[in-house]
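Taking the hints as your guide, dock the two standalone chains into a single complex.
In the order they appear, the protein sequences are chains R and D. Sequence positions in the first sequence follow my numbering and run 364 to 823. Sequence positions in the second sequence follow my numbering and run 1116 to 1302.
One thing to keep in mind: the hints can contain errors.
[To be verified] Computed list of lysine-lysine pairs in PhoX-like fashion (alpha-carbon distance at most 20 Å, straight line):
#1 K1277/D x K376/R
#2 K1239/D x K376/R
#3 K1243/D x K376/R
#4 K1143/D x K383/R
#5 K642/R x K704/R
FYI, nobody ran anything at the bench for these hints, they're computed from the structure.
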Amino acid sequence: MSNDKEHIDDIFKNHFEDYKPTPPSNVWSRVKSGLNNNTSEETLYNKFDQHQPQPPAWVWASLSNILKGRQRIKTYKRIAAAALFFAALGGLIASQFAANNTIDSLFAFEKDDNITLSTTPIKPILVQPKITSLGKSTSTSAPKNYISYTQVQAFTNNIPAHNNIVVPAIENTVANDFEVPVTAPEISYLESIFANISIPSIGHGTPSIMPENNFNYKAPHYKRPNLFETNIEIFAGVANTFRQLDNKLNATVASIRKESEESAASYQWGIKFNLIKNKILFSNGISMSEYNYKGTYQFLKEDMVNLHPNFPTEVKGVYKVEDYHAKQLSNNNSNVLTTYKFINYNTAVGYLINAGRKLNITPQIGVGTGYLMSNIGPKLQAGKPTEYSSMPDANSLSLNQRLMVSGAVALKVDFRLLNSFKVGIEPYINKQINKQDVTSPLGGQKLTAKGVNLTFSYKF
Amino acid sequence: MPNFTEEQELIDGCLVGNHRAQEALYNKYAAKMFGVCLRYSSSRMEAEDTLHEGFMAVFETLERFEARGAFEGWVRRIMINTALKKYKRERVYQLMDFNVDVIETANDSDFSPLQKMQTDDLIKLVQKLAPGYRNIFNLYAIEGYNHREIGEVLGISEGTSKSQMARARVLLQAMLNKQYDNANEQR
Chain R
364 MSNDKEHIDD IFKNHFEDYK PTPPSNVWSR VKSGLNNNTS EETLYNKFDQ
414 HQPQPPAWVW ASLSNILKGR QRIKTYKRIA AAALFFAALG GLIASQFAAN
464 NTIDSLFAFE KDDNITLSTT PIKPILVQPK ITSLGKSTST SAPKNYISYT
514 QVQAFTNNIP AHNNIVVPAI ENTVANDFEV PVTAPEISYL ESIFANISIP
564 SIGHGTPSIM PENNFNYKAP HYKRPNLFET NIEIFAGVAN TFRQLDNKLN
614 ATVASIRKES EESAASYQWG IKFNLIKNKI LFSNGISMSE YNYKGTYQFL
664 KEDMVNLHPN FPTEVKGVYK VEDYHAKQLS NNNSNVLTTY KFINYNTAVG
714 YLINAGRKLN ITPQIGVGTG YLMSNIGPKL QAGKPTEYSS MPDANSLSLN
764 QRLMVSGAVA LKVDFRLLNS FKVGIEPYIN KQINKQDVTS PLGGQKLTAK
814 GVNLTFSYKF
Chain D
1116 MPNFTEEQEL IDGCLVGNHR AQEALYNKYA AKMFGVCLRY SSSRMEAEDT
1166 LHEGFMAVFE TLERFEARGA FEGWVRRIMI NTALKKYKRE RVYQLMDFNV
1216 DVIETANDSD FSPLQKMQTD DLIKLVQKLA PGYRNIFNLY AIEGYNHREI
1266 GEVLGISEGT SKSQMARARV LLQAMLNKQY DNANEQR
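Next comes chain D alone, as it looks inside the complex (with noise of 0.2 Å):
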């Protein structure tokens, strides 16, 4: 039986159709890949739709996959394209579901609160946030892109993605303040 242990091996095996390999290779990056889904889905179901068909992707599409990059990145951005391409298909704009008068007095400053907080809240959080903002934020502040390249790949100006990016950032801050209020409530 072999044992996978070099990525090139993983992604040779994966190309000649061997199941141990593909398992490997899914071991490997799913729990990952399964984090940034969360992070472009409104819900966990959502997300393990969106693993589901990024790696089948990835397996369909393994032999195009040049070496002259990490691996994990285009694994990655499988999925990303992959969460995109869902959003595009089921556009669904909902976008607000949040008092403007709690989003608009938010104290933008005080973070102490999103410090406390763990990661599965955060997710949370993000999810929370419409489609169309959730994209842009977690394309901006998490992978990096800049907002020329947002507006590319979502085909949006690059004015809607600042204004939406902005507008992300206050509502992430309402649901924040918003959440340690009652917290502070209960106790």
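In isolation and in its complexed conformation, chain R is listed as follows (with noise of 0.2 Å):
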């Protein structure tokens, strides 16, 4: 029995699968007179692409900060910190004008999201260029008048909508169609808002006649709810160091000693105030950060240049300047502990993807200022040399306060718990450097960190 119903189906099949039936002459007309009348929505579509907006005076200073750093890297070699410093400068202004809106310029005409040019709040006013249909409701009780359309929304505050039409958000023009209760006034207002566009084919099409409660009233948004969102974060995460020296530049250190080039342990936490506009995400922060370094700090001669600040003026307990300088040049491979302790300042850039429904991926690119904040050391390890260890303030060498700058690439997966809050994982690859002071101890260092965050983030 089954196979006989299908046998239906497999005739039915083959009678259809070819067939082609010559439709009447009119339907080309038709079509063809609906390309014809399109020529006015070409008119609009061009008005979007025509429309070039100019960036704001911060964009242009923004990037005038970064040239100058970027003129001064190749100029002043040793003040590229300086250089980095500005372009960082550069992003925090972007990033806090972004998140006085004032982005929207910029990115106004991504046809594929709905977008508003407006901080205030935004009146969607029906509907586009392409109006399908109009219809009037079955419903004796409270007639309404029905307009179906697809495509474009249009939306406007208390000024002419065409001064201020944006979106034109095209996701699938089969799928979507839209259909929303209008008023007779607010017909007329869109056909004269449209004077110039003209709206094609209103009114024309197959009239939906339909009940009141059957419309699928899905349109238009006032807001997606992921298309503003601004959220603090906070973070916390290890990683896994390496410390570099660069001896190119630091040649008078590297002449008098050498120190190991190893991975240590490290962590940071910290808070961020992020903006995400257009699924592009602005960040800014701030963040500590602290690893501990153990490597070995071998001298090839006398270490002039950083001999204990009371030395050789001052000669404690039974240690003479002549006995230091001996036990520097014999304690080879000494083991050294060194605490770096950090405050970073970080401001990043982002593009957000939506993966799922709560889901997001986003990869970020940033730059940051770091202060070092603490070196305690070199401090000897107990009982490595003990004599060395037992010279007063052998533990504090060093105080050694340094600024550091830094880029970064992260990719952040976060997952939406409830509506406000967010949950994620940040693995990232950190790269500081100091080039500030060459002759130094912490000249020319470069730190690479490879971590990962744990973030938290909570929408207001």
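Rendered as structure tokens:
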């Protein structure tokens, strides 16, 4: 029986497979006429395309800072840090302006998204140049006009809509067919707004005659949930940091001693302010980080630069200057433990990819400045050698403060748990450099951290 | 005057708004797509409307066609979507036009009348089905969708799709037998 039924299907299918009835010629005439009418629609799109919004002044200011920094890198290689600081400052200015919404004009014409030009509450005025039908409900108690439309929505506040049209929201022409109730005055208003552009075929097409409760009221959106978001994020994580010396620039120090280049565990924590606008992420934040470097410190000859601050003007205990120098030379490969603590300011920009309804992936790139707050050491480990560690102030041979600059790439994967909370993980690579003082023990350092942070953010 | 022989040339021509390319593309697919539209419509006039709306959608969304699949398949999907959209817009459930007794006593395994009929006649039978049944029959039997996919497309459950498909077959068989009997009586 089942096979018999399927047999019916096959016979129908075989008959229909190459069925090519000739359509009446008037269908092509209607299509052709519709295509000609659509030139007005094209005009509207052209207006979108031709509109090239001018970036506001802050964009130029930021670009100027970055270029200025670049020029300084080229001219005065040794103040690269300052140059990068300028770049970071540029990023900061940019992101702060972004937070004030002025970024809109840069991205106002991405055709795949709904965006608005104004920070004031936006009233969506239905609709768009392609209205497919106009109908009247059959409800006797509350008869209403309806308008069906596809594709483009126009938004306005108090200024005429044609000055503030944005958004070609072309997503799925075939599937998206919005219907919203309109009043006769609104239709007139629409016609007046689009007077110069003309709405093709208003009231044209197949009228929708439906009961009111059958309407699929989907649009317009006032604001899409993921379109504009500000959130506060706290993060913390561990990393593996590789310390490297720039021997080329640090020749003075390198000729005296040789330090090992090794990895050490580190951690960081901090807080960020994120703004997501049109899927672009702007992020500002501060973080604290620390890592303990345990390596070798080999003297090649007497280190006249890094003598104990009290030597050689003062002799403590039984040790004399000569003894100290002698110890330096004889204690090659001494173990040293150095603690680095930083406070960093970071700014980053990223692009938010919707990987699922609640899952986002955000690749980011950023720059930052870090301040090395303390460097306790080189501190000899207990007993190696005891004489050295027993010297006065041996545990704080130097207290250095240095400006570091950094660049980072990160990939945040976050999941929205509740409407306002997101939790995520963020693997990153961060490189910090300091080329300011090539003669100091900390001069010419590069710290490369590869780590992962756990992030919690709250949307407000 | 350009001679559009290759499909890609046609598409490119349409994308730049060349009217000859648009007409050539229409002429190339109109007949086949009209056949599709007829199957999803209750009348020839409705099929003409669907064909018109479908081709408008084709030209308006052509820039989004990605040359990864067959163009004809893409056009066909647009026609089907247009027809289904019309159905959703004008959802009027005309469930039964037929006498239940006739349906239930129909001989399911008698295919001889079906095999002798012309395609035009079969189209008319399909058009007599209520829109809901007609859509499911077309999507399942002709387009090759499964019931889960049909459920997603039409916003109904898989079970509803299965039961309505079975019903559509019975209705078609009943109509077929009735037509066959009438033809015999006239002889």
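Hint check:
no.	hint	verdict
1	K1277/D x K376/R	holds, 18 Å
2	K1239/D x K376/R	holds, 14 Å
3	K1243/D x K376/R	holds, 17 Å
4	K1143/D x K383/R	holds, 11 Å
5	K642/R x K704/R	violated, 34 Å
Going down the numbered hints, you'll see the structure goes against just number 5.
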